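Trainee: These protein sequence lines are chains A and B, in that order. 138 is the number that the numbering used here gives to position 138 of the first sequence; each next residue is one higher, with no gaps. 18 is the number that the numbering used here gives to position 18 of the second sequence; each next residue is one higher, with no gaps.
The set of hints was computed from the structure by calculation and includes no laboratory data. Computed from a prediction, not measured in an experiment: that's the story for all the values here. Any given hint could turn out to be false.
[As the list claims (entries may be wrong)] No more than 20 Å apart at the CA atoms, straight line, and that leaves these computed lysine-lysine pairs for PhoX-like:
| # | chain 1 | residue 1 | chain 2 | residue 2 |
| --- | --- | --- | --- | --- |
| 1 | B | K135 | B | K105 |
| 2 | A | K159 | A | K41 |
| 3 | A | K140 | A | K130 |
| 4 | B | K62 | B | K26 |
| 5 | B | K135 | B | K112 |
| 6 | B | K105 | B | K83 |
| 7 | A | K41 | B | K105 |
| 8 | A | K142 | B | K83 |
| 9 | A | K43 | A | K140 |
| 10 | A | K72 | B | K83 |
| 11 | A | K72 | B | K26 |
| 12 | A | K130 | A | K159 |
| 13 | B | K83 | A | K43 |
| 14 | B | K105 | A | K140 |
| 15 | B | K83 | A | K159 |
| 16 | A | K43 | B | K78 |
| 17 | B | K112 | A | K140 |
| 18 | B | K83 | B | K26 |
| 19 | B | K105 | B | K78 |
| 20 | A | K41 | B | K102 |
| 21 | B | K105 | A | K43 |
| 22 | A | K159 | A | K142 |
| 23 | A | K43 | B | K62 |
| 24 | B | K112 | A | K72 |
| 25 | B | K83 | A | K140 |
| 26 | B | K78 | B | K26 |
| 27 | A | K72 | A | K99 |
| 28 | B | K112 | B | K62 |
| 29 | B | K102 | B | K112 |
| 30 | A | K41 | B | K83 |
| 31 | A | K99 | A | K142 |
| 32 | B | K102 | B | K83 |
| 33 | B | K102 | A | K142 |
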Amino acid sequence: MKKWMQFLVLISSITSTSALLASGGIEGGGGNNMSPVTNAKWKAECSSCHMLYHPGLLPERSWNKLMSGLDKHFGENASLDAATRDEITNFLVTNSAEKSTNRRSNRINQSIPASATPLRISETRYFTSKHDEVSPSTFKRKSIGSAANCIACHQSAEKGDFSESQVRIPR
Amino acid sequence: MRKSFMLLGLLFSANVLAATPQELLKQYETQAKQENPAFSGFSAERGASFFRTEHAHSTGTKVSCSTCHTADPRNQGKTRANKIIEPMATIANPQRFTDAAKVEKWFGRNCKDVLERACTAQEKGDYIQYLVNLK
């Protein structure tokens, strides 16, 4: 990067941090959005019952715990054959929150105490602080279902894009 | 011994390939005969009642196939996580029962979720027969 460009980036990040935060635009080094990683088995297997959760939403230890308990997956049996399970686990771990460079993944990871291994993204402090203005009854709307259904309000959630500017809460 | 291995290999390779519902029914028929020498065929009526019958789950809820697939398998269903499930009846969704591995995967999961045990080959065959026969 050229010197003047670095300077420009520095200035813009200082002057418009709050504006960018609100709009969810790109900041500093890594952007806000998670990188568009993909794996065919992850896509096919992890989206038949629920929306596709980006690996950058949880740390490695969470993915490992989740993938080793698929026979009791939030009250449902989601067992996979060993080869498929291992491939997906590897993909999730490789691209987990602490290995991502985007701001959102970093913040999710930082909001989880070292002693905790959450399985629900909605249990992380990052999630609860970001959604404190959304009432429990809103999450329970028929069009939403629960806090697990990110895509109901964040249309590009499956691509790892949770920009606030794109949020549309359905009735 | 070697012959039975070859047969096993053949069965496996058939599992990977696309199948028709009739071929799947044949496979389950072979299994059902092994499970029960008195096996006398699959019944769409039994499959229909299997689909609707609610089971008292150990968690205290009542569940059946129709909990997620709705009472009419020609309709789309919905998972507990709010995702649409395409219809189970082949008349509404010709993709159903054309992939043996997929069928076994879902019987494996859902039988344990609903019945809290594995399904018998008789139950699987009745179920498919019902969903294939629906007009």
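Trainee: Now, for every hint given, state plainly whether the structure supports it.
Mentor: Do the hints match the structure? See the list:
1. K135/B / K105/B: violated, 26 Å
2. K159/A / K41/A: Given pair K159/A, K41/A holds - Cα atoms ~16 Å apart, limit 20 Å.
3. K140/A / K130/A: Answer holds: K140/A to K130/A is near 17 Å, not above 20 Å.
4. K62/B / K26/B: violated, 32 Å
5. K135/B / K112/B: violated, 29 Å
6. K105/B / K83/B: holds, 18 Å
7. K41/A / K105/B: Satisfied, since the Cα-Cα distance of roughly 14 Å is no more than 20 Å.
8. K142/A / K83/B: With a Cα-Cα distance of about 12 Å, the restraint between K142/A and K83/B holds, given a limit of 20 Å.
9. K43/A / K140/A: violated, 26 Å
10. K72/A / K83/B: holds, 19 Å
11. K72/A / K26/B: Violated, at about 32 Å.
12. K130/A / K159/A: holds, 19 Å
13. K83/B / K43/A: holds, 14 Å
14. K105/B / K140/A: Violated, at roughly 30 Å.
15. K83/B / K159/A: Satisfied, since the Cα-Cα distance of roughly 17 Å is no more than 20 Å.
16. K43/A / K78/B: holds, 19 Å
17. K112/B / K140/A: It is violated: about 27 Å lies between the C-alpha atoms, which goes past 20 Å.
18. K83/B / K26/B: violated, 32 Å
19. K105/B / K78/B: Distance ~18 Å between K105/B and K78/B Cα, so the pair holds.
20. K41/A / K102/B: At roughly 13 Å apart (the allowed maximum being 20 Å), K102/B and K41/A satisfy the hint.
21. K105/B / K43/A: Distance of about 16 Å is within 20 Å: holds.
22. K159/A / K142/A: violated, 23 Å
23. K43/A / K62/B: violated, 31 Å
24. K112/B / K72/A: Cα-Cα ~10 Å, so holds.
25. K83/B / K140/A: holds, 15 Å
26. K78/B / K26/B: violated, 30 Å
27. K72/A / K99/A: violated, 27 Å
28. K112/B / K62/B: Judged against 20 Å, a Cα distance of about 14 Å means the pair holds.
29. K102/B / K112/B: Holds - the C-alpha atoms of K112/B and K102/B are around 16 Å apart, at most 20 Å.
30. K41/A / K83/B: It holds: about 18 Å lies between the C-alpha atoms, which stays within 20 Å.
31. K99/A / K142/A: violated, 35 Å
32. K102/B / K83/B: holds, 18 Å
33. K102/B / K142/A: violated, 29 Å
The structure shown violates the earlier hints numbered 1, 4, 5, 9, 11, 14, 17, 18, 22, 23, 26, 27, 31 and 33.
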